[in-house]
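> Spelled out from the first residue to the last, the chains are:
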Amino acid sequence: MIENIKKIGVALKILTNKRATVEYPENKEILPDNYRGMLRLDIDTCISCGACARICPNSTITMVDRDTDRGIKKYPEVNLERCFFCGLCEEVCPPKCLVLTKSYTEVVSFDRREFIKEPEELN
Amino acid sequence: MIIDRKDLIDTISSFKKKGFSYLVKILGIDYIDYISVLYILRNLDSDEEIEIEVHLNQNDLWVPTIINIFKGADWYERELYEMFGIEIKGRKVRKLLLEKFSENIYPLRKSFKWGTK
Amino acid sequence: MLINELIEIIEYFIVMLITAFAFAYFFGWLERKFVGKFQRRHGPTYLGKFGLLQNLADFFKLLTKEQVWPKKADKLLFLVSVFLIAGFTLYLVMLLPIYNFYIINSSIILLLIFIILSFLPILIALNGYSSSNKFAMISAQRSILLLISFEIPLFLVLIAIGYYVHSYSIVSIVNAQSNLWFLFIMPIGFFVFLMALLAEMERTPFDLREADSELIAGWLTDTGAPYYMLALFVDYIRSFFGAAIISLLFLGGWYGPFGNSFIWLFIKTIFVALFIMFIRAIAIRMRIDRILYFGWIVLLALSIINLYLVYLGY
Amino acid sequence: MSLVKINIGPVHPSTHGLLRLVVTLDGDTIVNVEPHVGFLHRGVEKLAENRMYMQIPPFIEKCDYVAKTAMDEAYVATVEAAMGIEPNERAQYERVILLELQRIASHLLWLGAMLNDLGHFFSVFMWTFADRDKVLKLLEEATGQRMFYVNMRLGGLRQEFPKDFEYHVLDVLAYLEKRINEYESFIENSSLFKERMYKVGVLSRDDAINLGVSGPVLRASGVNFDVRKDKPYYVYKKLNFKPIVLYNGDNFSRYKVRILEIKESIRLIREAFKQMPDGNATGMPIKLINPAPKNKVVRVSREGPRGEIMFYLVADEQRPYRLAMRTPAFINLAALNHIAKGNKFANLFPIIGSLDLVMADVDK
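Protein chains in written order, with the working numbering: chain A, 1 to 123; chain B, 1 to 117; chain C, 1 to 314; chain D, 1 to 364.
Take the hints with a grain of salt, since some may be wrong.
[To be verified] Mimicking DSBU-like on lysine-lysine, the simulated pairs with C-alpha atoms at most 30 Å apart in a straight line are:
{"no.": "1", "chain 1": "D", "residue 1": "62", "chain 2": "A", "residue 2": "28"}
{"no.": "2", "chain 1": "B", "residue 1": "16", "chain 2": "D", "residue 2": "229"}
{"no.": "3", "chain 1": "D", "residue 1": "229", "chain 2": "B", "residue 2": "17"}
{"no.": "4", "chain 1": "A", "residue 1": "102", "chain 2": "D", "residue 2": "229"}
{"no.": "5", "chain 1": "B", "residue 1": "71", "chain 2": "B", "residue 2": "89"}
{"no.": "6", "chain 1": "A", "residue 1": "28", "chain 2": "D", "residue 2": "137"}
{"no.": "7", "chain 1": "B", "residue 1": "71", "chain 2": "D", "residue 2": "163"}
{"no.": "8", "chain 1": "B", "residue 1": "17", "chain 2": "D", "residue 2": "137"}
{"no.": "9", "chain 1": "D", "residue 1": "62", "chain 2": "B", "residue 2": "71"}
{"no.": "10", "chain 1": "D", "residue 1": "163", "chain 2": "D", "residue 2": "134"}
{"no.": "11", "chain 1": "B", "residue 1": "18", "chain 2": "D", "residue 2": "229"}
{"no.": "12", "chain 1": "D", "residue 1": "242", "chain 2": "D", "residue 2": "178"}
{"no.": "13", "chain 1": "C", "residue 1": "37", "chain 2": "A", "residue 2": "28"}
Derived from the structure by calculation, the hints contain no laboratory data. Predicted model, so just to flag it, every value in this text is computed and none were measured.
For reference, chain A alone in the conformation it holds in the complex (with noise of 0.2 Å):
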C-alpha cells in the first residue's frame, strides 16, 4: 500500500503543472518560418516548364492554358483535396516561382470544386 501513498503524492505534484492546450480560435500556435502550408504562384515569373505536375507523387498538379498577351501558356492548378504539403514541387521548380507559405488558411469548404485552386488564386 505504501507505493500507493507515494503515487498520490506525485500526482498530487503534476497536479500543479500549467495547461498544454490552446484554445484555438482565439490565439494559435506561432509556426517556424520554414512551414509548408498553402501553395503561392507567381504567375509573371512561371515559364510553364511543368516540372512541378510532373514531379508530384500524387499528380495533383495539372498543367492548364491560359491565354495571356504573349499567346496561350500554361499555368499550374493544385488540387487541393489530394495535395500533402510535401514540397518537392517547390524545390523542381527552376524559376522558384511556386513557394509554399506559412499561411494554413483553415483549406475548408462545403463544396469540393473550391478545393481546385486555378493559377491565379494561388497567391
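Using the hints provided, position chains B, C and D relative to the given structure of chain A.
For chains B, C and D alone, coordinates are given in the frame of chain A:
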C-alpha cells in the same frame, strides 16, 4: 545462393542448425519469365545473413511450407500467396488481406495492370 | 393531520430532487474540469461561463437522438429495468436526512438503503442481458460478480456501525459522531466502506461494468441515446448518493466546527466527490479475478477485524 | 463451457487503429486470437514500382505514421546504397539526431496509449501527448512540417538545422528527462499496475526468435539484437550505443525496455550534438532525372522504434523494379496469437498495447 524448391526444407533446417535461427523476411520478385522467392535468414550471434533463392517458372507456382521450422513464416507465406498466387504446399493457407471477391487477382505480379498515370 | 404530513413529504421530495439533480449536474461538470486540469487540458470552456452549460447541451443533444432497438433485444425487459434502476436510485436519495429535515427516522433506515443498493446490480445485469449484445452479456456477468464480492464486507461494516450506535437510523448515527467522527474510531471500516462503495458506484479502479477499454460501454453498449443519457444521469446521482452516505456515516454529517448546519454536509460531500474523481484520474482498472481476490479475502478480513475491534469497545 | 467467439471490431476504443480481432473465449480465458488486417492497405510496394525514386518517400512515410523519419531515412539510405552515394559526416550526425528524436516521440505516444488500455481514463495519455507535442515542435522547426517531413535527400537532408536549434533541443530534453522520471514513479508505484503487468503475456527467448519478432518486443525477451549495434550504420559506433536488454519477456519488461530506450535516446542526442562537426548537411535537391543506380540489388536494414525496418530494392533505371519492405509491426502482430493464448480476456488489451502496433505498418 540459388537452390531448387525440392531441397528447400532441408537447406533451411540445416542453416537453422548452423545458427541461422532468425527468419528476417520471405519475399517474392516477378522477373517476367520466372518468379524468384527469397528466404532471408540471420545468425543472431555472428550477425551474418544468408539469402536462399528459389526460382519458380510461371505455370506451376508452388513452394513447400517452412511453418514447422519457423513459426514466424506464417504471415509471410500468407502474404506471398495473396500477392503472387504461389501455392503453399503442406498447410492450409488463407489470404491475409482480402479473402472474398479477390479470386486470381495477384497484385504484385508484373502482369497485374492498374490505372497507371 | 395527514395532509400537512403529506405536504411536508412533498416539500422534502422537491428539495431533495433539486439538490440531487443540481449535484449530479455539477458533479458531471466538475469531473470534466477537474480531470481536465489534472490532465493539463482545459475541459469544456466553450458553452457558458466556464463551460457550465456543456452538460445541458449534452442533455439536449442526447435527447434529440433517435432510439434504435437492436433486433434481438428484449424491449420490455430493457424498459422495465432502466426505469426501475432510475426509480430505485431516486428513492434512495429520498431516504437521506439533512440536518433536521427528513422523512423517516426509523431505526432500520440504513438497512433499507443498503438492501435496495444491493438490488441495483441485479437490475443492471438484467438490463445488460436484455440488450443481448455480447459485450453486455459479459458486463452483466461481471456486475453479479461485483455484487457478490462486495456486499458482505459492506454489511459487516454496517453492523459494526450499528453495534456502536445501537441503532440504524442515520440521524442517531450522525448525532453519535458529534465529538469524534467514525473515520477516526474505525479507520479500517472507513477503508472497506469506501472500496465497497467505489465498486457500487462503478468508479475506477472497479468500473468493471462499464470498462470502456474492454467492453466498449459494458451494459450500455446497445442502449439508445435517450436511455444512455438517463443511465448516465442515474450514474451521477448514484455518485452523489455514495458521497453523501460516506460523509454522513463516517465524516460526521452536519457537525462542523462553527455551527452545525447542512452546509457542512454539502462541503463534505463535495470533498468526497473530489476524492472519488481524483481516484478515477489516477488508478488503473483492476482485473476481474483480482477484484474477486480483493473483495473476498482482503476486504472480508478487514471488515471482520473492524467488527472485532468495535466489539472490544475500542 | 461453450466457446464464445467475440468480434472486437475495427472501431474499438483500445485497438490502435483499424484492427479487427476475432477472439474465441472459453469463459474468461482466451483460446485463440485471430487478427483480421487490411483496412489500411494502400499497396505501397506496387505503388513504388510506378514512381521515380524521390517521389516515393511521402508514401513510405505514411506506412508508419508514428515513426516517419525512420521509414523515410531507411528508404533514402537504400536508394543511396543503390547509387553509391555516402552522406557526409555532419549529415550522418543530423540524421541520427532526427532519428532519435522521432524514437522518443514514438515511445511517448506508445506510453500514453498503453496506459490508456489499462483503463487509465486518458490521464497519462494526455501528459505524454503534451510532451510529444514539444518534440514534434522541434521536428517541425527542423523540417518545416508537423507530421510528414519528407526531409531526407540523397546524401543529406532537405535543409540545414535552423540557427539555435541545438539549444531548443537541449532544454526540451532536460524537460523530458524530468518528466520521464515523474511518469516512471507515478506509473510503477501502483500495485494495480504491477498486478496487470508482471508475468502477463510472457514470450520466452526461443519463441521470440522462432516467431521472428523484432525491436523492443525481442529485446524484452532477452535477445541482445539491435541493428544499431549489430550492423552499425552512420555514427552509432562513435556514440558507443549499448542496446537495452531485459530478460523475463513479460508485459512489464516490454514497457521497461521502451522507457530505458527513451533515456538512451536522450543521451545519444546530447552526445551527437557534442561530437557534431561543422559543415553543410544539405543533400542533392530534387531533380526529375536522378543519377543512375550502380548496383542492382540492395538490402538495407535499420532499427525503427517498433523494430527492424528492412528495404529490399531491385533497382531499375529511373524507377525501382521491385521494392520489398519488412515492417516490424507486421510480425509483432502475427506473434499476438502465440502470446495471448491462455491469458484472461482482460489481459488481451495490455498485451496489444505492449506490442506497440501501428496498423499502417502492418498493412503496408
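> Which of the numbered hints above does this structure break?
As far as the earlier hints go, 4, 7, 8 are violated by this structure, in ascending order.
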